[in-house]
Amino acid sequence: DTEVTQTPKHLVMGMTNKKSLKCEQHMGHRAMYWYKQKAKKPPELMFVYSYEKLSINESVPSRFSPECPNSSLLNLHLHALQPEDSALYLCASSQDLSPETQYFGPGTRLLVL
Amino acid sequence: GENVEQHPSTLSVQEGDSAVIKCTYSDSASNYFPWYKQELGKRPQLIIDIRSNVGEKKDQRIAVTLNKTAKHFSLHITETQPEDSAVYFCAASRNSGYSTLTFGKGTMLLVSP
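So the sequences go chain by chain: F and E. Residues in the first sequence are numbered consecutively from 1, following my numbering. Residues in the second sequence are numbered consecutively from 1, following my numbering.
Lysine to aspartate or glutamate pairs mimicking DMTMM-like chemistry, simulated, CA-CA at most 20 Å apart: (1) 41(F) - 5(E); (2) 40(F) - 39(E); (3) 58(E) - 100(F); (4) 9(F) - 39(E); (5) 42(E) - 44(F); (6) 105(E) - 58(F); (7) 40(F) - 83(E); (8) 68(E) - 100(F); (9) 57(E) - 100(F); (10) 41(F) - 39(E); (11) 42(E) - 24(F); (12) 38(F) - 5(E).
These are calculated hints, taken from the structure and not from any lab test.
Pulled out of the complex, with its shape left as it was, chain E reads as follows:
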């Protein structure tokens, strides 16, 4: 089955800095890669996703890049703000029959004012 590794487990940055979270996946058939943000006590919320026919996607301060050959994808947050502090989960899914999400273990991002 699919295995998703996520690094780092904790990331501390100063407000205004950039943050990068990296994930690798094992199943070359995976073709959908969402990123979820989960604030303490709240639901996971999709912040951006990318499909395997695209190498990069950007939405304001958030961007995701995908390298299919190396089987890794990354989340980039620029100009971080304290409200970006949360746990971020990457996930991978394949389009084959019953498709489900395999999550990484999460990255706790702390943005200090």
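One chain only, chain F, in its complex shape:
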């Protein structure tokens, strides 16, 4: 399996809802990433996990909570989001944290009402 998968593809949530995004890879990669991408902008790094431990948090608001249950799975828990959080959320993975190719999942398109 050479792909990163993400579910759901689309998500609409209210500002009081709690939801989770899921990312999975079976390439044996030990680094996994969450990015946020607004229309016509580059991906913006949110979190980095290395060997299942949070390595980087790019000053992301606490309403976004990442979790790495095992080496193949990465979750992003969402709570009390704002309309400006509407975006494409991309997951990526790489062999490790040294400069290696990052493979992106298809993303979850999130709309916060």
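Go by the hints and put chain E onto chain F.
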């Protein structure tokens, strides 16, 4: 931190023409430079990458050149086809501790038949 500038922001060419996208970076310690292609509504996909120990790399119609002294690298697409139309992002990464990608702002390439 690293800063990556990308030009042009939009590039329109006729089918069969060549296209060149240029990026400059600020951190002389950066040593890995990938290029991603993102079609509308799709994930970013790696199309080619280059490391700082190499000056040029080619893959069929796509080539990347790197000038470490001037700190710039370029993507060259020859014999463009309508399916090359997409947003292209350059990125830079350094091999130092927790390495992450810094993206350029993207170039929208439009190839007219």
